[in-house]
Amino acid sequence: MQNFYIKSVVWDLIFNLESDITLDIRHGGAAFRICYHARTLEASPYALEQHRELYRILYEDDPDGGSLQAVERLRKPFEELMTQMAPNPPTELTGYLHSHLYPPWFILVAKVDESGCVQPYFKAALSRQEFGRPGEYVNNDFLQPHLSPLLNSKLNKYSSHHIQVLAQTSQLVPSTVLVDGTVYFFKPWISGRVHGYHELQSYRKILTDTEASPPLLASARICRLHGLVIDDDDDVLQHYPLDSDEENYSGTRLVGLLLTCIENRGTLKDLAPWSDDCTNKDRLRWSRQIHHSVECLHNAGVIWGDAKPENVLIDMEGDAWLIDFGGSYTPGWVDEDKRETVEGDQQGVQRIDGWLTRWSRQPVTRIKRSDEGGGEGGVGEEAGSVEGGKEVGL
Numbered sequence: 001m002q003n004f005y006i007k008s009v010v011w012d013l014i015f016n017l018e019s020d021i022t023l024d025i026r027h028g029g030a031a032f033r034i035c036y037h038a039r040t041l042e043a044s045p046y047a048l049e050q051h052r053e054l055y056r057i058l059y060e061d062d063p064d065g066g067s068l069q070a071v072e073r074l075r076k077p078f079e080e081l082m083t084q085m086a087p088n089p090p091t092e093l094t095g096y097l098h099s100h101l102y103p104p105w106f107i108l109v110a111k112v113d114e115s116g117c118v119q120p121y122f123k124a125a126l127s128r129q130e131f132g133r134p135g136e137y138v139n140n141d142f143l144q145p146h147l148s149p150l151l152n153s154k155l156n157k158y159s160s161h162h163i164q165v166l167a168q169t170s171q172l173v174p175s176t177v178l179v180d181g182t183v184y185f186f187k188p189w190i191s192g193r194v195h196g197y198h199e200l201q202s203y204r205k206i207l208t209d210t211e212a213s214p215p216l217l218a219s220a221r222i223c224r225l226h227g228l229v230i231d232d233d234d235d236v237l238q239h240y241p242l243d244s245d246e247e248n249y250s251g252t253r254l255v256g257l258l259l260t261c262i263e264n265r266g267t268l269k270d271l272a273p274w275s276d277d278c279t280n281k282d283r284l285r286w287s288r289q290i291h292h293s294v295e296c297l298h299n300a301g302v303i304w305g306d307a308k309p310e311n312v313l314i315d316m317e318g319d320a321w322l323i324d325f326g327g328s329y330t331p332g333w334v335d336e337d338k339r340e341t342v343e344g345d346q347q348g349v350q351r352i353d354g355w356l357t358r359w360s361r362q363p364v365t366r367i368k369r370s371d372e373g374g375g376e377g378g379v380g381e382e383a384g385s386v387e388g389g390k391e392v393g394l
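Using full-length UniProt numbering, the first residue of the sequence shown is number 1, and each one after it goes up by one.
The set of hints was computed from the structure by calculation and includes no laboratory data.
All clues given are correct.
DEER-style ranges, computed between Cβ atoms:
(1) Leu126 - Glu80: 20 to 28 Å
(2) Leu13 - Gln164: 35 to 43 Å
(3) Phe15 - Arg224: 47 to 55 Å
Don't be surprised by glycine CBs; every beta carbon is placed ideally from N, CA and C.
Full structure from sequences and hints, please.
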């Protein structure tokens, strides 16, 4: 099955039937920009009317009203050309992180043939750096205070050239990577993200406390920072023009973090409601493990921050791990006035306990439907099948 990920679709937000439509797509280790120009399509009244119809659908921006199907109709004529132009074998599946972060870019445009049908046309290949440079300069005024202590520490630093990609998300973003014989989770660094700065502070505190007093966090099941992915422009880009506001920067960027790779069955939110995924004994163990890990963090002066079931992973052995130290809060789990505080963590953990207790009283069970060949059917709650359970004493 061909894997195409549509990163963005752009059209005029002010209603304009002559609007151009642009798609950015990742496929097979390459990046493609597909351009539909209304003026070019005027050569065929039929193609122009189809273009206007698709624009109307996109302008209404209603997934249930056909916008997703419209995007597919725009992509489909270019499918064969993109497959032909993509690297072979696809570097995003078999290569190194560098190949994903700096893919070859191709510009494709829609033209019309003699019969009036849309035909794909290759216009140009662009240098790797033409669109969107990943990460953030290490000397950026906002990043530097948080990153500098880590750069000066014993933490490992790697170039994306030396990191092998083992797996990727459905959005074709590398997730599991291999470096120096160890598997990590790769988290791309997004420039200007305030939560990222908070996350660096938390990981720095965890590293410092682990070095100073190893027993302090030894038993905590938490995601940890193991390395930084640092790329130098001179190494990864050629003929790279700096923007005017970037001329004083070093040309070195933080492009990602290497974190603990936790092989998991899913998040606490994914598993806890289901009777066939866990038992009340599991729910009780998860509650105790969350309490213990949060207590260890607080003893080390670290705040979890966004305490909620989505930020707890259940590993393959059935143990609960805390992830996401980017701070902030989620309404319903932590009150805004308690965000990023010990009190907020405690409130979030208490609400997780209450949430687990509710599911322990009446967990949902999946049922098998006879018309689905024995496969798992709909959600039990929706299908009218709810399994009762013994309450967990949390």
